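First residue of the sequence shown? That's 1 in the numbering used here, and the numbers climb one at a time after it.
Source of the hints: derived by calculation from the structure; they are not laboratory data.
All values reported here derive from a predicted model rather than from experimental measurement.
Every residue, glycine too, gets a C-beta built ideally from N, C-alpha and C.
Be aware that a few hints might be false.
[Claimed, not checked] The calculated label-pair distances, taken between Cβ atoms and stated as ranges, are:
#: 1; residue 1: Gly76; residue 2: Arg36; range: 29 to 37 angstroms
#: 2; residue 1: Asp39; residue 2: Ile86; range: 12 to 20 angstroms
#: 3; residue 1: Glu12; residue 2: Ile71; range: 17 to 25 angstroms
#: 4; residue 1: Ser79; residue 2: Pro8; range: 25 to 33 angstroms
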Amino acid sequence: MDLRRRWPILDELCECAAGFPDVEIWAFGSMLRSERPRDLDILIIYSCREDVADIRKMGLWELSLPPVEIIAMTRGEESHYDFIKITNARRLIPA
Numbered sequence: 001m002d003l004r005r006r007w008p009i010l011d012e013l014c015e016c017a018a019g020f021p022d023v024e025i026w027a028f029g030s031m032l033r034s035e036r037p038r039d040l041d042i043l044i045i046y047s048c049r050e051d052v053a054d055i056r057k058m059g060l061w062e063l064s065l066p067p068v069e070i071i072a073m074t075r076g077e078e079s080h081y082d083f084i085k086i087t088n089a090r091r092l093i094p095a
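Whenever a hint applies, use it, and build me the whole structure from the sequences.
Below is the structure:
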């Protein structure tokens, strides 16, 4: 399933995030299992907090339908919680 094609708002988010080389975008949650999720859960892994703030400012992600819900973690936080493995997240960028 090509998530970016199914929900163009994800493609837009990934295009915005592509300008930040230390950022990874991961999809998780109900969008991986359902064609009609209540929201689009996104994990942003970052090194610089300002990058996340800048990405959030680039779009009205939460106003899309379904809304985009963003969780941001450093690589250390993700590793500590093993979030990607536990949620079976799927990497969107970098490909």
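Hint by hint, here is what the structure shows:
Taken as a hint, the range 29 to 37 angstroms holds for the pair Gly76 and Arg36, whose Cβ atoms sit roughly 35 angstroms apart. One distance hint, 12 to 20 angstroms for the beta-carbon pair Asp39 and Ile86, holds here, with the actual separation near 18 angstroms. Against the hinted window of 17 to 25 angstroms, the Cβ-Cβ separation of Glu12 and Ile71 comes to about 18 angstroms, which satisfies the hint. The beta-carbon spacing between Ser79 and Pro8, approximately 31 angstroms, falls within the hinted interval of 25 to 33 angstroms.
Violated hints are absent here; each numbered hint is respected by the structure.
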